[in-house]
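The listed protein sequences correspond, in order, to chains R and Y. Count along the first sequence starting at 1, add 159, and that's the number in this note's numbering. Count along the second sequence starting at 1, add 5, and that's the number in this note's numbering.
One or more hints might be untrue.
Claimed, not checked - Covered stretches of chain Y (in silico footprint by chain R; criterion: 3 or more residues with CB under 8 Å from a CB of chain R, positions within the stretch not fixed):
1. 27-34
2. 90-97
3. 167-176
Unchecked claim - Estimated spans, in silico, between C-beta atoms of each pair:
4. Y:L35 with R:W176: 43 to 53 Å
5. Y:K193 with R:W487: 36 to 46 Å
6. Y:K83 with R:V367: 53 to 63 Å
7. R:W507 with Y:M105: 47 to 57 Å
8. R:H448 with Y:E84: 47 to 57 Å
9. Y:L35 with R:N355: 33 to 43 Å
10. R:I418 with Y:I145: 21 to 31 Å
11. Y:A25 with R:Y404: 53 to 63 Å
12. Y:I145 with R:V367: 47 to 57 Å
No lab work stands behind these hints: they were computed from the structure. Note that the Cβ used here is the ideal one computed from N, Cα and C, for glycine as well.
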Amino acid sequence: MSAHESNYEPTSRLGKWFDERLPVARLMHGQFVDFPTPRNLNYAWTFGGILTFCLALQIVSGIVLAMHYQPSAEGAFASVDHIRRDVNFGWLIQPMHAVGASMFFVAVYIHIFRGLYYGSYKAPREVLWILGVFILFAMMATAFMGYALPWGQMSFWGVTVITNLFSALDSIWAGLGTAITEWLWGGYAVTGVTLNRFFSLHYLLPFVIAGLVILHIWALHVAGQNNPTGLDIKSKSDSVPMYPYAVAKDAVGLFAFLIVFAWFVLIMPDYLGHADNFTPANPLVTPPHIVPEWYFLPFYAILRAIPSKLGGVIAMFASVLILLFVPWLDTSRVRSAKYRPYYKIAFWFFVFTCVALGWLGSKPAEQPYVFWAQFFTFAYFAFFLIALPVLGLIETPKQLPRSITESVLGKSGGGGAAVPAGAAAAPEKR
Amino acid sequence: MAATAEEPNRRDFLVIAGSAFAAVGGAISLWPFIAQMNPDSSAQALASVELDLSPVKEGQAITAMWRGKPVFIRNRTKEEVAKAIADDGAALPDNSARNMALPESDPATDANRTKQGHENFLILIGICTHLGCIPKGQAIGDSKGEFGGWFCPCHGSHYDTAGRIRKGPAPRNLEVPPYAFIGDSKIKIG
Numbered sequence: 160m161s162a163h164e165s166n167y168e169p170t171s172r173l174g175k176w177f178d179e180r181l182p183v184a185r186l187m188h189g190q191f192v193d194f195p196t197p198r199n200l201n202y203a204w205t206f207g208g209i210l211t212f213c214l215a216l217q218i219v220s221g222i223v224l225a226m227h228y229q230p231s232a233e234g235a236f237a238s239v240d241h242i243r244r245d246v247n248f249g250w251l252i253q254p255m256h257a258v259g260a261s262m263f264f265v266a267v268y269i270h271i272f273r274g275l276y277y278g279s280y281k282a283p284r285e286v287l288w289i290l291g292v293f294i295l296f297a298m299m300a301t302a303f304m305g306y307a308l309p310w311g312q313m314s315f316w317g318v319t320v321i322t323n324l325f326s327a328l329d330s331i332w333a334g335l336g337t338a339i340t341e342w343l344w345g346g347y348a349v350t351g352v353t354l355n356r357f358f359s360l361h362y363l364l365p366f367v368i369a370g371l372v373i374l375h376i377w378a379l380h381v382a383g384q385n386n387p388t389g390l391d392i393k394s395k396s397d398s399v400p401m402y403p404y405a406v407a408k409d410a411v412g413l414f415a416f417l418i419v420f421a422w423f424v425l426i427m428p429d430y431l432g433h434a435d436n437f438t439p440a441n442p443l444v445t446p447p448h449i450v451p452e453w454y455f456l457p458f459y460a461i462l463r464a465i466p467s468k469l470g471g472v473i474a475m476f477a478s479v480l481i482l483l484f485v486p487w488l489d490t491s492r493v494r495s496a497k498y499r500p501y502y503k504i505a506f507w508f509f510v511f512t513c514v515a516l517g518w519l520g521s522k523p524a525e526q527p528y529v530f531w532a533q534f535f536t537f538a539y540f541a542f543f544l545i546a547l548p549v550l551g552l553i554e555t556p557k558q559l560p561r562s563i564t565e566s567v568l569g570k571s572g573g574g575g576a577a578v579p580a581g582a583a584a585a586p587e588k589r
Numbered sequence: 006m007a008a009t010a011e012e013p014n015r016r017d018f019l020v021i022a023g024s025a026f027a028a029v030g031g032a033i034s035l036w037p038f039i040a041q042m043n044p045d046s047s048a049q050a051l052a053s054v055e056l057d058l059s060p061v062k063e064g065q066a067i068t069a070m071w072r073g074k075p076v077f078i079r080n081r082t083k084e085e086v087a088k089a090i091a092d093d094g095a096a097l098p099d100n101s102a103r104n105m106a107l108p109e110s111d112p113a114t115d116a117n118r119t120k121q122g123h124e125n126f127l128i129l130i131g132i133c134t135h136l137g138c139i140p141k142g143q144a145i146g147d148s149k150g151e152f153g154g155w156f157c158p159c160h161g162s163h164y165d166t167a168g169r170i171r172k173g174p175a176p177r178n179l180e181v182p183p184y185a186f187i188g189d190s191k192i193k194i195g
């Protein structure tokens with residue numbers, strides 16, 4: 160992986176024997192035990208670990224659910240009820256999976272905002288960032304197909320609306336959009352055939368995500384972690400070994416996250432869902448107000464903000480795809496928003512924009528919501544296309560500390576000087 | 006490699022030809038795995054349905070199923086027909102008949118969207134051309150939108166009494182399926 164050498168020493172003869180044949184323990188030790196992590200990481204950096212946990216939990220709970228679920232138009236709705244009422248611990252595992260999807264998105268959005276705030280996408284971490292965007296795409300596809308599986312009214316009509324997005328291509332090349340939608344549906348409308356293939360792909364995609372996550376972590380361990388100052392690790396005093404320091408901090412973050420998670424699973428398991436999804440799918444009745452799950456609402460608001468069908472679809476896809484270009488849209492050479500006064504304002508306005516779009520996406524397509532959806536859609540794209548390139552050119556960044564150590568210990572602690580009394584110095588030998 | 010070899014040499018040619026062969030073969034063998042997702046024979050077989058329209062009185066509407074899609078059948082009142090014909094000259098966002106039995110270039114007049122002699126019956130695929138919701142307007146008490154036809158609640162598309170899009174994000178008029186009257190009040194869709 161990286162230039163960092165593992166100082167793994169097998170203690171047993173078996174360990175030595177194995178290490179000479181397959182040095183997997185050496186690899187894990189080097190990457191996850193004595194890997195150097197910046198000493199100033201804050202709790203925003205615990206979400207990588209939290210996300211790994213989320214993926215593992217979704218895969219494990221999903222495999223269990225697949226043992227009891229029936230992917231057919233006739234059986235799906237009843238089988239989800241059956242899991243919740245009859246299957247041993249189904250009352251726990253089904254909400255864990257459904258709430259888990261929401262919590263996965265909570266964590267991934269915080270993780271992405273963290274990256275945007277601290278400039279974690281800048282050189283040399285562009286590939287790391289792009290792999291992350293690919294993971295987001297795969298997560299969105301997986302979540303969308305997973306939401307179809309209970310085959311309630313929102314499942315059915317969500318699938319109908321989203322697959323129909325492709326029919327917008329008919330206005331570019333007559334028949335192309337229809338051909339694609341019929342190919343996706345396996346019929347002339349959304350049916351049980353569609354459900355069946357969605358189930359197959361919903362099972363497959365998490366393993367694709369797992370593969371992308373391995374590449375994402377690999378790329379992370381080549382460049383090393385970014386940190387709140389955005390400075391590179393220059394001396395030994397800038398870093399601490401991953402174990403126990405970063406691992407312990409990750410564990411604290413994970414447990415705090417799990418408290419919220421458990422509260423939803425155990426106390427209000429259906430709060431994040433939609434009441435209409437407790438009605439079995441009916442292809443003849445559209446619910447009066449179709450909304451996606453909360454984590455898609457900002458994109459849904461962008462889709463509806465544009466008054467043309469094709470334009471709305473293009474804007475919605477562009478709003479996600481634009482993330483791929485962020486490393487090149489940002490012209491500033493300073494990574495962390497901590498030292499960028501204007502960018503910091505733009506960033507928080509962007510966060511507000513995303514929350515506002517999410518709220519607007521949950522509202523019906525009427526005035527004044529449409530106007531504000533258009534306003535914030537403009538703001539969303541302006542952040543990427545105007546703020547990121549322009550601010551880097553006109554902004555005067557604040558004075559950066561000379562090193563990570565200096566940012567933690569003040570000037571006297573910089574450059575490997577004697578550790579001041581009472582400072583949070585690492586006790587182990589360096 | 007021999008020092009005398011010139012570029013491109015025989016080996017380069019073989020490598021390129023071999024790779025091209027493998028690429029084309031790989032692409033072709035993907036096809037069955039892509040095409041299997043298209044509508045299968047059993048889905049295609051559900052191609053036509055017959056219906057008796059005599060119980061549908063003036064002003065009433067029923068919804069039938071054809072190819073898994075809802076079909077709106079409305080026995081329009083005289084005022085609704087008159088309004089639809091009067092709007093033939095209005096500024097229509099989509100001026101194509103959208104009648105599967107007619108060429109696409111035919112204008113979206115009320116006559117082109119109904120059958121001669123049965124102008125009161127408007128028969129449409131009841132799927133909003135925006136993102137596939139089922140518009141409201143079939144049941145008594147439904148909102149019929151600003152133009153008295155159908156209203157799609159999902160994203161606010163308004164259709165008139167000839168099923169033409171008049172306002173909202175939908176790009177096309179509601180589609181008229183291929184159908185024929187077999188006898189006075191019976192139709193065959195498909």
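Each hint, compared with the structure:
no., hint, result
1, 27-34, "violated (count 0)"
2, 90-97, "violated (count 0)"
3, 167-176, "holds (count 3)"
4, Y:L35 with R:W176: 43 to 53 Å, "holds, 45 Å"
5, Y:K193 with R:W487: 36 to 46 Å, "violated, 59 Å"
6, Y:K83 with R:V367: 53 to 63 Å, "holds, 59 Å"
7, R:W507 with Y:M105: 47 to 57 Å, "holds, 53 Å"
8, R:H448 with Y:E84: 47 to 57 Å, "violated, 31 Å"
9, Y:L35 with R:N355: 33 to 43 Å, "violated, 21 Å"
10, R:I418 with Y:I145: 21 to 31 Å, "violated, 51 Å"
11, Y:A25 with R:Y404: 53 to 63 Å, "holds, 54 Å"
12, Y:I145 with R:V367: 47 to 57 Å, "holds, 49 Å"
Figure legend: structure checked against the earlier numbered hints; hints not met, in rising order: 1, 2, 5, 8, 9, 10.
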